[in-house]
Amino acid sequence: MSKPEKIDLCKQHKDEYVTPTKPVLIEAKPAPYLAIEGMGEPGGEVFQDRIGALYSMAFTIKMTRKFEGRQDYAVGKLEAQWWAEGGPDDFSKTPKSQWRWKLLIRTPEFITQADLDKAVAALTKKGKSPTVKQVRLETIAEGRCVQMLHVGPYDREGETVAQMLAFAEKQGLKCHGLHHEIYLSDPRRVPPERLKTILRLPVTKS
Amino acid sequence: MKPVTAQIYEERMLRVLVHIQQRLDEEMPLAELARVAYFSPYHFHRIFRGMVGESVKGHIRRLRLERAAMHLKQTRRPVTRIAFEAGYETHESFTRAFRDWFSMSPSQFRKAHRSLLRKRVPSGVHFNPGGTRVAFHPFRKGGEPMKVEIKEMRPMRVAFVRHVGPYDEVAATWERLMTWAAPRGLIQPGAMFLGLCHDDPEVTPQEKIRYDACIAVDESFQPNGEVGVQEIAGGTYAVTTHFGPYSKLGETYAALCGQWAPQGGYEIRSAPCFEIYLNDPNSTDPEDLVTDIYMPLEDYRHVKA
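In order, the protein sequences belong to chains A and B.
Plus 2 on top of the position in the first sequence (first one is 1) and you've got our numbering.
Plus 1 on top of the position in the second sequence (first one is 1) and you've got our numbering.
To be clear, the hints were calculated from the coordinates, so they are not data collected in a lab.
For clarity, every value in this text was computed on a predicted model and none was experimentally measured.
Heads up, the beta-carbon is just placed ideally off N, CA and C, and yes, glycines get one too.
Where hints are given, some of them may not hold.
[Claimed, not checked] DSSO-like cross-link-like pairs, simulated, lysine-lysine; straight-line CA separation at most 27 Å:
| hint | chain 1 | residue 1 | chain 2 | residue 2 |
| --- | --- | --- | --- | --- |
| 1 | A | K8 | B | K58 |
| 2 | A | K16 | A | K79 |
| 3 | A | K13 | B | K112 |
[To be verified] To give an idea of the interface, some chain A residues facing chain B are shown, with a C-beta separation under 10 Å as derived from the structure:
| hint | residue |
| --- | --- |
| 4 | T62 |
| 5 | V153 |
| 6 | P155 |
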C-alpha cells in the first residue's frame, strides 16, 4: 500500500525524529505545521474535538492533493506544545483543566493557505464541526533544543524532563521555549509502560 | 467453547484424501472436496494445505506422477500414453514434471534397475493402487506455537470500496476510500481500517480476487456512490497478529487455518476472514507493519456435543 516516491518528513528529518533515551542537543530547523490551540485536560472533550479537527484537516488536505494528482506525502505524527500560565515549573501547580496546548502535525513546505481553505470548505460541506476553521498553517522555529525519548506513561514525563534540565544546566543552557512532545506511539494500542514520546525543550545560552 | 478434537479433523481430511485417490482421473472442484468432509468451502484450501503440506493441485499432480512411475515399471505402455493418462498433453511437459519430482527422465527410470522410488512427503500419503487405504500423518510445522486469542465480536458497520483484482493492487482502492473518508472527518486516531478478504489467492485467479477496503462507521453513514455500507458479522473469531509486510500475510493465514485450527480442533465458520491494520502503511516500513487477522469460528456453545 505504499509508494516509494512518497515524501515522509519523519524520515527526511531523522535527526529530529530519532532520539535516544538520554538527553541530546539537536537543531530544529524552522518548519511548517498545521496547528490548533486550546485549553483543558489532555484527552478531555475539548482536546478530543481539536484533535478531530486537526486530523480531519490533515487528511483532507492530503487526499485532495492526491486526488488532483499533486505531490503525495505521508501525514506526520501528532505533536504538541504545552504550557501553563506560570511558566514551565507551573505544570504541577496548575490543574489539568487549565493546561494550555497547541496540537501540531508537521506538513511539507508546499502546503499553502489555499490548501487549508479548500479543506475547510470540503469539511464544512460534509457537515463537520466548525472547529476545523481554527486549524492554522504556522511556521515554528525552535533552533537549539535538548531532546530525549521518554518511554512510559505520560504522567511520568517529569522524571525525563528533570534529566533534560540537568543536562542543559551542565552545558550552560537554559530553557527558553515551550515544552514540545512528539507522539510516536498510539496510546489506544500500546500499554502505558511502552509508550514512546520524544520530549523537546528549546534552549539558549544562559 | 468445546472444540471438536483434532482427531476428528484428521478423520475428515482422510475422507478427502481417499476421495481424491479414488477419482484421480476426474476433475475435482474444491467445493466438492470440501463437501466430502463438511469443511467450509471458504477455508478448505488453507486447511488442506496446512494439514497435508501441499496444495490440492500439487497433491493430485504428485499422485498422478507416482501412478505414472508405477505404470512405467509394471507395463510396456508407451511413455506418451502414460503421459496422457497422467494428465499431460505433451511428452515434454510430462518429462519435465517427472524429472522435477524423481530427478530422472521417465525413460531413464523405466530402464533403471530400481524399484518404485518414492520421495518422502510430510503427510506420508502416496499413490495407492487400491485407492482405499491411505496412511496420513498431518503435517506439523515446528517452531513456536502461534499466539491466538479467541474473541467474541459484535457486528461491525463499515463503509467500504470493493476491489476486484490482485491483492498487491489494493492501494488504489484504499485511496478511493480515503478520499471519500477524509472530508467526512473519518480518518482519526483510533479509526478502524479493515480489509475483508472474500477469496483465497491460492484458489481464486488473481484478476477475480474480491477484497473490501473498509473503515468502521456509525449508523449515520449511508451508501454513497461507489462507497457501500455493510455489516461484518459478529460472533466468535480466532485472532492472531501478523508482524511484517502485507505480502507475507498469506503465510500467517495458512498457519492459522491450516495448522492452528486443525491441531486445536476448532471448526472454521463459513464466512470471510478480515484484517485490521494497526498502523499506517504510508509512514511505516513494511517490516514494522502490524496486522490482526480475524478468522471466524463456529460457536460451540450452541451446539450439542
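Closest C-beta approach of A:P155 to chain B relative to 10 Å, hint status: Violated, because the Cβ-Cβ distance from A:P155 to chain B comes to roughly 17 Å (cut-off 10 Å).
Minimum beta-carbon distance criterion (10 Å), A:T62 to chain B: 4 Å, holds
Given hint B:K112 paired with A:K13 - CA-CA distance at most 27 Å: 64 Å, violated
Proposed proximity, A:K79 with A:K16 (alpha carbon, max 27 Å): 13 Å, holds
Agreement of A:K8 and B:K58 with the hint, judged by alpha carbon distance not exceeding 27 Å: 40 Å, violated
Status of the A:V153 interface restraint (C-beta, 10 Å, chain B): Violated. Min distance 17 Å.
Consistency with the previously given hints fails for numbers 1, 3, 5, 6, ordered from lowest to highest.
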